Amino acid sequence: MRQGFLSRNPSVLVFLLILALFTLGVTLLSHAYGSAFLSTSFIKTLGKTLCLCLVALAMDLVWGYAGILSLGHMAFFALGGYMIGMWLMYARTEEIVVQALANAPLPATPQEISNGVASQIFGVVGGAELPAVWTFAHSLPLQLALVVLVPGLLALAFGWLAFRSRVTGVYLSILTQAMTLALALHLFQNDSGLRGNNGLSGLQNIPGLGGVSQDRLSVWFFWASAAALALGYLLAAWLVSGKFGSVLRAIRDDEQRVRFLGYSVEGYKLFIFTFTAVVAAVAGALYYPQAGIINPAELAPIASIYLAVWVAIGGRGRLYGAVIGAAFVSLLSTWFTGGRAPDVNLGFATIQWVDWWQILLGLAFVLVTLLAPQGIGGLFDWAAGLRHPARRGAPLGPAEGALQEREATE
Amino acid sequence: MSALLEVSGVSVTFDGFRAINNLSFNIGAQELRAIIGPNGAGKTTFMDIVTGKTRPDEGSVTFGERSVSLLALSESRIAQEGIGRKFQRPTVFEDQTVFDNLMMALKKPRSPFSVLFFRPSGRDAARVEELAAEVGLGDHLARKSGELSHGQKQWLEIGMLLAQEPRLLLVDEPAAGMTLAEREHTTALLVEMAKTRAVVVVEHDMEFVRRLNCKVTVLHEGSVLAEGSLDHVTKNPAVIEVYLGRG
Amino acid sequence: MRFVLILLAVVLAPLSVHAQGTPAAQILSENRALVERASRQTIGPVIEALAASGDPAAVTILDAWANRGLGLRAADGAFFLIAPAEGGWALTDLDGAPAGTAARAEIDQLRPNSGVRGLIATALVRFQLADPDPARRSAAMESIARDPSAEHLEPLRAALAQTPDPALARLERLLTLRFGATPEERVAAIDSFGADLGLDLRAALNPLVATRRLAIRGEAENLNIARNLVPGRDLTREEAYDLLVAQGDAPARLTLQAQRETLVGQIRDGQAAGIPVADLDSQEARDRAYTALEAQGAVPAAATEDEVTAALEAHRFAEVYAEPDRAVTEAASAALTRIGRTVGLMQAADLALDAASLASIYFLAAIGLAITFGVMRVINMAHGEFIMMGAYTGYVTQLWIADYTISILVALPLAFAVTFAAGVAMERLVIRHLYRRPLETLLATFGISIALQQLAKNIFGTQARPLTAPAWLDGALSFNDVVSISYIRIAIFVLALIFLGVFLIIMKRTRLGLEVRAVTQNPSMAASMGINPDRINMLTFGLGSGIAGVAGVAIGLFAKVTSELGQDYIVQSFMTVVVGGVGNIWGTLAGAAMIGGAQKGIEWLNPSNTLAAQTYMILLIIIFIQFRPRGIIALKGRAAGD
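Note that the protein sequences, when read in sequence, are chains A, B and C. For the first sequence, the positions run 1 to 410 when my numbering is used. For the second sequence, the positions run 1 to 247 when my numbering is used. For the third sequence, the positions run 1 to 642 when my numbering is used.
This is chain A alone, in the form it adopts within the complex:
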């Protein structure tokens, strides 16, 4: 029974290998380091997709393994983006202001620079002072710490409140959705201190790297995203491979029984909820410098539901399923909505995918839920000839209620 971690989980090795090959391939096809076959914007799209894979991984841990259908993880993702975006925007604006003030007859005082930065950043919302939330924006290490701390503490506080009062199942989903909505509405306000619905922009310009072309930067971020995904995958695989993963899946299947085994279900849920929130935030912190702009619309509850869709289509309860789902659906989505998919002429009408993709996605999603709960990942089982027993047994006796599966009645 006792073997090395990787030999017990060969899929991790396969995954890392594929990811490494993919990274190498993309690098060799890039403008900066190779044959320039892939455009810089496409490399950014690929890098962003890797970040989405990472957040999907987090979603799979919290939903596929622990059974918590959180509709709030994209909020943590966006919060991570906001935290890094604050530093990017501050530092970049500071560079510009310093440059502008360099021509003034007197050298600028720190006060003048910070005033200049504030009015540059907050001019659009009619402010001229840096709000308190920007206190640490001047410092990269502090703001990087906030990338982890702010979403982490929010998840901790929210999770503590929710799990403590034993909110489970769909109630919890709705509550997380409400949290996301509240956060989005808060950020939409101009006086939230984060520029209201303008959001933060110009994030693709990395301060201190003004001389580096976007061609190069895009590959660097691609590497960083790939490394983060690899690390996240390893960590997640390690997490679910041992007894901890066993307890998580047990909580998903029968929470009450786990309690009677002496495990504090709330503690485990809180741990996994907070941990995945932090992973999501890190993914967001890598995503938004590649996207260049972040605004409160990114936090809309629907984004988190899409995340659930990716994981479900990919196949929840298996890590590679989440990654495949996120990559497959988000790339397909980019392809269809980018107007690159050919129109379908039905004779009486032409289907333009920009308009019809959402409908296709929605219906495909219904079909996956109905017919293939294992998602794309189920194909691997089928290919391997593996058979899983149904996790939900049929009712075990004639007496309704007493003999139903617990999860079913929840």
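FYI, nobody ran anything at the bench for these hints, they're computed from the structure. All clues given are correct.
Derived Cβ-Cβ restraints for the label pairs, each shown as a range: (1) A:Ala-372 with C:Arg-428: 18 to 28 Å; (2) C:Ile-459 with B:Phe-17: 49 to 59 Å; (3) C:Leu-504 with A:Asp-343: 47 to 57 Å; (4) A:Leu-28 with C:Phe-627: 51 to 61 Å.
On the chain B side, residues computed to face chain A include the following (Cβ under 8 Å): (5) Ser-111; (6) Pro-112; (7) Gln-164.
This one's a predicted model, so the numbers in the text were calculated from it and none came from an experiment. Quick reminder that beta carbons are idealized off the backbone N, C-alpha and C, glycines included.
Let chain A serve as the given structure and place chains B and C on it in line with the hints.
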């Protein structure tokens, strides 16, 4: 003999219906006890109260030498104190192997962080194999427990209870859905277990109770109607009227 | 003195050589020189005399004069009412008789300047106020109310003496309290209103208690002080000093901007005050440089902190009423406090109305969900899209049926039918296969939701479509200046009540309701009693969806009908059901009341920001769930346990 579990004056009301009415109950540290009673007598609610699932409106429940009050503890803390519960229907984690099920139940630190860094030692694995052998699942360690038969699941659950090493074991209709041979095996196992710990068995099957050969508590309408040997309580006219007489 | 002269002139008018017939004409010709070169300083008595002449034509004449319709015949100095005509002017005698035409050159058109026109208008007001036609009277009163001034008081009183109109009397008191001659008169006018809620009264009272901040040196003479201000407590030291600067009682402090400019001006050979420019990159260095320059006398001395303190100590600061009379300001602020209290009560009532109306909207949006979620434990994420579908049904109906009343009456049942059918289809095709897998139902219905939303976008476009309410629903029922509620909201309130009633009747009084309750409680038992649970589930789901459609029509009447309409309500609807407690219509009602009330309450505390209100409301709900995880009206006991 000092009591391991002491329930006194407990009442609980659901929507005006008094499920448990001023119930008092004691059990010693090494004792086997059967609880019988008609449907709705409060047997399951009693177990719910002891395991922390239901909070009583009044009364006290204390456990162990230090007389810890269980009312302030969560279900998981109560389980950690050493109270195990077996449900009527086998509840094992069907998506996981027999080995994982047993390993999860094994008495070890339960906090998330210690579990996170827990890696089974050779001794733990050996203990799991020993337990599996004891409940007749030695050859099935690597199988998903969902693939087991109903009876095997019952055994797996009993194995998990043994792994938990509880000081008090609450067993709800252990013999339901078992063959005759399995019942005998179960009886022997329960009697054996009661030598080192307290075991409370809720059962409908009089034959099974008779074979346990222990003190019997009869519940009716949420309180104790009679207590004593099976022969003693079956002669009690009140018991005959409410329970045995009807069926 | 001049007035006497004019009176004399009037009396002597008949003797005048050029006298025209009527008194007005006589006054004009007497004062021809004044009228011809009318100026604000001198013309007053003439206008006054005209107005007082009692001549019925005086109004017409004054009116014509102000509007450049009065002319003077150069030949004989006679006045005529003139109107442009072909080749010149059409003349009318001052007594109204036509007097032929004249060439342009023959007539001097009188062009009074704006000052004179103002005097004429004031004089005219008294005629308008006394006009028998109420419409003209109220027009005159409106013009006074818009721009009240002391001159209006006299004509107003005169008119009041003639016509005892309550509106006139009110206006007279409003003017008296501002422009009355004696404080006693004004105080009496203020007190006469009691706690009247009129906006006009508050507009009249507010200027009386307007204050400005003053810095006073030495003894205050004749100042009506509202309150004394202590620097550091009531106002910051900076504000206090700025006040002194603004009054010219103290030199301005050196701003950072001015300091920088001064230093830039003093740069010599790359140094300012002997400090290299490159070193002036901190505030301390700049201060040091400036102080050095001050010491050299190169720059004017800026106020130091000590000087500021001394200046502040030498002055008293106070808020001073612009109104000099103490009795008046006291009476006015007492009246405003009184009004404030009443307004507060009324606002509470208005808030309650608003909350009730919002609650009924949430109730309408949530009741369908309460049925599907509460009764069947099915999360329908597409519920919002059913609401949207209902709203679009209303829109399409209006395209066919032009009459808004009829189209709404058709749209309500039609929307029910459309969404009922959609709900039944969805139940049969999707939900049926996912019973007992609530999380997956949530996801599948979400897929349907995005598909439906995009479909609506493809069909109807992204811009908002109008769903117009019939005219009889326009406007609002207002009780006074504070409390009012629009008829649409009343209609929605009534609709919500009707739905509550219909739902209760269906559930408690019909066979369907009985069967639904049976299936809810124990499906297999119900099935063994001959109830077909599949059919019941289908009907229940259809009913819930149908109600969503009707709610959609109602919501569409006041909200924009877009493909995202449903999204705006779905979270609130879920919250309503969850907060209220699942499986109980009264719970939904309580939830809607609580959420509507809380949202309005928070908006009232923080009126600037509805987004913030929604944020806080959701936080409130999350905290509420902590205390009552199963909602306001919770199922208790074993039924709720598992």
